[in-house]
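In case you want the letters, here they are:
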Amino acid sequence: MTQLVELQAALPKFAEAGIRLYAISYDEIGALADFVEHHEITFDLLADQGSKVIRKFGILNHYVTPEQVPYHGIPFPGTYLIDEDGDVSAKVFHRSLAQRESAEGLIDAALGEILLRSEGPTTAHADDSGIEFSLTYHGGAGVLRGGTMRRLVIRVDLPEGLHIYDEPVPTGMVATSFTIVGPEGLRSLPVEKPPTESLDLPGVGELQVWSDTADFAIPVWAADEIASLVRADNPGYVNIEVDITYQACDDQACRLPRTERLAVDVPVGSYVGPALGGGGMPGAATTSMDTGKWLGEMVKRGIAAAPDADAAVAYLHRTRDTFAAGPLGDSVTD
Amino acid sequence: MNMANDVHAEYVDEFGMVGPLPASDGQRQPLDADAPTGPEIGSRFPDFTLPSASGRTVSFHHDRAGQRAAVVFYRSAVW
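Line by line, the protein sequences give chains A and B.
This note's numbering numbers the first residue of the first sequence as 1 and each following residue consecutively.
This note's numbering numbers the first residue of the second sequence as 1 and each following residue consecutively.
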């Protein structure tokens, strides 16, 4: 939901990159039409009723059992990027089913480069040897939301003759590393590093270095503490701090290792909830979806082994009751 | 106030996300490292024909008309 709405907002960026956008789910076409109308979606939401294409691609979520009506039939969420020739040029699947790539991340994957825009919060700083650092919050048009990935892009501009090191380095030298200092709740994947150059140092051996301009990207997402999918008490913004530790050398000598801190304030946007389940979540947007109609359709077309619509409704209600009356329910009434 | 501390641990998954079902539920289970992710990079993207919410019928490779494309598989627009 949040992902679809973000994709819609980013449609001009896809067009600019020459990328046609499609999204596929197992929803029946009437449900998609409701969503399209409510959220003013103008790209194609395709109805894979019966999950035939999902099965053909081999990405049916097999952790959801056929008895779990009406959830059986969903895919592992992911995106394929297709080139002009019709071949898969990249694909993006995240381990967590709650993590979806940002529109900007998908465009970067299609282009094979990070396309920084001026919209993301950014900060820049130079150290006393003239190395310039910038930190840019990339993705989601510069807004943090629960459920979609972003990237912290750290650009290092080195004066001519200076380089910094990738791992491994000999004892006594310091490789370039990045640490997210805060906020608590900002989770990350390993840093994506640009290609290195080889540098042969007499008596030391071959080391991997960066010179000129190097862009590093840390994929991040917001855990519940800072951008909840189930509560409405998200903060208005978060302060993201990153430490960069490095040692710069030229072909004669090395400078002392240093740590520079960069920080940006990032606005926290609202989570766009679904019509069912999420419709009961405080702060979540809802659609005009007719629950009974949808469930009836799900069962009618035999997407799951439900004996009748009552079973589907009962399962759905158990799910909603779990949310409403469970520990989460307690916390949201606080 | 950090309300996440009030949330019962079984609802918090290893990624720090909270959902209305226990994290052990199949719907919230993370992908195994060897989980299938469909067509491989470099291979021909399989063609398909599906109805669009706009009322069009989309035959993928014909419809993209030689353009690059992104095809997003997502859970549901309903729940």
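No lab work stands behind these hints: they were computed from the structure.
Note that beta-carbon positions come from the ideal geometry of N, C-alpha and C, so glycine has one too.
Incorrect hints may have been included.
[As the list claims (entries may be wrong)] Computed, partial: chain A to chain B, Cβ under 10 angstroms: (1) 17; (2) 18; (3) 19; (4) 28; (5) 29; (6) 93; (7) 114; (8) 116; (9) 182; (10) 185; (11) 222.
Does residue 185(A) meet its interface restraint, that is, does its C-beta lie within less than 10 angstroms of any C-beta in chain B?
For residue 185(A), the interface hint holds, since the closest Cβ of chain B sits about 7 angstroms away, which is under 10 angstroms.
Proposed interface contact between residue 18(A) and chain B, which counts if any beta carbon pair is under 10 angstroms:
Holds - the Cβ of residue 18(A) comes within 10 angstroms of chain B, reaching about 5 angstroms at its closest.
Using 10 angstroms as the Cβ threshold, decide whether residue 28(A) counts as touching chain B.
Since the shortest Cβ distance to chain B is 9 angstroms, the answer is holds.
Restraint outcome when residue 29(A) is required to lie within 10 angstroms of chain B by C-beta distance:
holds, 6 angstroms
Cut-off 10 angstroms, beta-carbon criterion: hint that residue 93(A) touches chain B
Residue 93(A) check passes; min Cβ-Cβ to chain B is 5 angstroms, inside 10 angstroms.
With a cut-off of 10 angstroms, does the beta carbon of residue 17(A) approach a beta carbon of chain B closely enough for the hint to hold?
holds, 7 angstroms
Is the interface hint satisfied for residue 222(A)? The criterion is a beta-carbon contact with chain B at less than 10 angstroms.
holds, 8 angstroms
Have a go at the residue 182(A) hint: is there a Cβ in chain B nearer than 10 angstroms to its own Cβ?
At about 13 angstroms, which exceeds the 10 angstroms cut-off, the nearest Cβ of chain B leaves the hint on residue 182(A) violated.
Interface hint compliance - residue 19(A) to chain B, C-beta minimum distance less than 10 angstroms:
Because about 5 angstroms separates residue 19(A) from the closest Cβ in chain B, which is inside the 10 angstroms limit, the hint holds.
Less than 10 angstroms between beta-carbons is the criterion; does residue 116(A) satisfy it with respect to chain B?
Violated, because the Cβ-Cβ distance from residue 116(A) to chain B comes to roughly 19 angstroms (cut-off 10 angstroms).
Does the interface hint hold: is residue 114(A) within less than 10 angstroms of chain B, judged Cβ to Cβ?
violated, 17 angstroms
The structure fails hints 7, 8 and 9 (numbered hints given earlier, in ascending order).
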